[in-house]
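Visitor: So the chains spell out like this:
There are 2 protein chains.
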Amino acid sequence: MQTCHGARAGELDTPHGTVPTPVFLPVGSQATVKTLTSEELRDIGFSMVLANTYHLYLRPGIDVIEKMGGLHRFMAWDGAILTDSGGYQVFSLAPLCRVSDEGVTFRSHIDGSEHFLTPELAVNYQEALGADIIMVLDECPAYDDSPEKVRKAVDRTHRWAERCLKARKPHDQSLYAIVQGAIYPELRRRSAEQLTALDFPGYAIGGLSIGESKEVMWATVEETAVLLPENKPRYLMGVGSPEDIVEGVARGIDIFDSALPTRVARNGALFTGQGRRNIRNAAFSLVEEPVDPECDCYTCRNFSAAYLSHLFRSDEILGLRLATVHNLRFISNLVNRIRNAILDGTYNAFRDDFLAGYRTTDERTRFEQKRKWLRERGT
Amino acid sequence: MQTCHGARAGELDTPHGTVPTPVFLPVGSQATVKTLTSEELRDIGFSMVLANTYHLYLRPGIDVIEKMGGLHRFMAWDGAILTDSGGYQVFSLAPLCRVSDEGVTFRSHIDGSEHFLTPELAVNYQEALGADIIMVLDECPAYDDSPEKVRKAVDRTHRWAERCLKARKPHDQSLYAIVQGAIYPELRRRSAEQLTALDFPGYAIGGLSIGESKEVMWATVEETAVLLPENKPRYLMGVGSPEDIVEGVARGIDIFDSALPTRVARNGALFTGQGRRNIRNAAFSLVEEPVDPECDCYTCRNFSAAYLSHLFRSDEILGLRLATVHNLRFISNLVNRIRNAILDGTYNAFRDDFLAGYRTTDERTRFEQKRKWLRERGT
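Chains as they are written, first to last, in this note's numbering: chain A, 2 to 380; chain B, 2 to 380.
Treat the hints with caution; some may be incorrect.
[Claimed, not checked] Covered stretches of chain A (chain B as the covering partner; in silico rule of three or more C-beta atoms under 8 angstroms from a C-beta of chain B): (1) 163-171; (2) 280-293; (3) 303-312.
No wet-lab data here; the hints were simulated from the structure.
Backbone N, C-alpha and C define an ideal beta-carbon position, used for all residues, glycine too.
Model the full assembly from the supplied sequences, consistent with the hints where possible.
Guide: And the structure:
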């Protein structure tokens with residue numbers, strides 16, 4: 002582990018290879034990162050992906066994937082896999098979710114059928130999938146729930162984390178805990194203290210990027226990250242835009258995941274060093290250059306912005322693929338540059354340079370407001 | 002050119018390489034074979050594709066593609082390209098189509114705008130796109146139009162073919178004529194005699210596979226093919242299922258194109274040696290073998306039928322890609338086997354073997370009915 006003003010460069014050892022950190026995990030909820038093959042993910046530069054236990058439990062079913070030889074073989078991916086426990090999806094996607102100490106009852110968002118998930122089952126399911134890193138079942142309150150409600154969720158998340166540890170079979174998967182506490186510093190501290198006492202091999206910060214402002218999110222990340230063990234990986238769940246990765250690394254985060262880069266790609270928003278560009282903008286329809294002339298991705302090496310613009314206007318699936326390849330390559334390159342800057346001891350300069358170039362005017366205004374707010378808050 | 006009981010194995014020399022025949026052209030109407038990159042098409046085994054002048058004229062516009070350096074560069078395809086003139090699409094897709102000797106007025110199926118296409122413009126557009134083989138503008142009657150109406154379309158197609166020849170600039174593209182005549186043997190003969198007198202480098206049979214029975218289609222192909230010059234390529238437009246390629250080759254056809262293999266793939270119908278299989282069938286959801294264990298495509302080498310089934314049930318784009326790769330590889334392998342059988346002098350045996358294995362019970366019944374019908378008809 003090498004650090005640079007709080008930014009950290011390390012490694013995750015997994016049964017499917019060593020993963021350099023900081024790392025971004027593309028999201029393959031349904032055992033596929035949308036539009037891409039596993040081979041393409043590897044070629045783009047990724048060595049670890051995320052899959053969702055909730056989605057795979059509902060369809061095709063954990064037993065089906067187990068019968069097919071596990072998730073790696075099912076999706077033909079020989080890199081590392083981290084699975085989410087399903088907690089966040091149950092609380093955010095599933096209708097009629099009812100939680101008790103025993104577990105959580107929810108209805109499928111696909112067919113309305115009723116299901117019951119416990120901490121023990123969440124661990125069993127993730128072990129059956131064969132993921133390299135698995136997550137505890139947690140209770141995710143809304144960011145604006147009352148302190149009393151959030152405190153109960155924090156304590157339940159703690160009890161569930163203990164049960165997850167006990168439910169583990171002696172496999173070689175790493176089980177990470179998830180710190181909750183919404184936007185309340187004292188509850189984040191309570192959660193971090195409870196969970197670090199249990200000695201998990203890695204810690205996630207959950208329950209953020211779900212509606213609170215960026216200012217509040219980063220303040221919470223800062224306050225929480227310093228409470229986590231220095232020698233263990235820190236994972237900021239559900240966060241992964243280019244600017245957020247850069248900001249998160251500065252606050253000591255090692256692992257990110259987000260569907261944002263692939264989702265906005267399918268909407269035609271492509272990352273460039275100067276910020277997001279929308280390929281549906283009429284200005285691109287006659288551009289012979291690639292969307293990002295500085296990019297070395299398959300899309301930018303082979304196709305004009307005009308061709309990509311044509312594919313999007315013509316509703317061609319190849320457009321979704323090429324945009325996804327570009328955005329993921331942008332993230333992969335960004336993470337490599339971040340790691341090199343940390344190792345070179347120049348991360349602060351890299352971060353300032355990147356953010357100065359990347360943000361649009363509106364974003365920069367917002368960024369300055371945030372800095373001001375943080376200064377006033379004394380952080 | 003080598004022949005075997007009427008089946009022919011030859012070569013097409015184009016500015017973008019030599020293409021062995023028989024050949025099947027995947028359809029890339031909008032400058033993309035749906036879901037795939039040009040690189041993948043080449044890897045699957047194709048050296049020539051079809052694009053549609055009608056679609057590209059409407060979107061992004063012929064001038065845009067010309068400015069971007071031509072169609073090959075636009076879609077990053079260095080193999081050969083055949084473009085259709087737009088005649089068939091104008092008559093079948095565009096609303097409010099009005100034809101006169103001068104040309105055809107139609108409305109865009111995209112935005113309703115009015116356009117006018119002449120034989121001269123059809124040639125100019127295809128030359129601007131830079132296709133290797135271009136087609137004359139023809140008038141396509143419905144298969145059940147009256148003989149009088151079809152005769153007029155045949156004569157107009159002849160006059161337009163003469164105008165296309167005159168409109169050509171001295172480029173290295175090959176301009177093929179299209180024999181019309183619907184299902185009337187005497188009108189097919191009239192069209193073939195008119196057009197072969199003009200000495201085109203290749204001849205297409207148009208106006209088939211548009212609603213008439215297979216029996217009538219093959220009878221018409223047989224009657225028409227024998228009227229075409231032996232030393233020039235013969236192209237059966239819009240036909241390209243596995244069984245139809247096998248039947249068409251037996252009747253002396255060299256070139257096929259059809260969106261069917263890619264379209265049915267996106268509907269979940271996958272070709273196997275035993276016929277089409279629908280991946281949405283519940284039986285596939287637990288199959289660890291690939292969809293077609295005999296297939297060497299990327300999909301069958303890497304993924305179980307269960308995974309493909311899961312992708313289709315989950316509406317994942319990767320499913321559409323993997324099914325398309327499989328069906329096109331099946332066709333590519335089939336065409337290679339056909340060519341080898343012709344060169345070995347064993348095409349009749351190959352054809353019987355393939356059709357006996359490929360057809361489902363219903364199709365075989367229909368096939369036998371056709372044979373009976375053809376025997377009774379004395380052909």
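Visitor: Decide, hint by hint, whether the structure agrees.
Guide: Now the hints, each set against the structure:
1. 163-171: violated (count 0)
2. 280-293: Three-residue rule met by the segment 280-293 of chain A, so holds; n is 3.
3. 303-312: This one holds; 8 residues, not fewer than the three required, reach chain B with a Cβ under 8 angstroms.
The structure does not agree with numbered hint 1 stated previously, though it agrees with all others.
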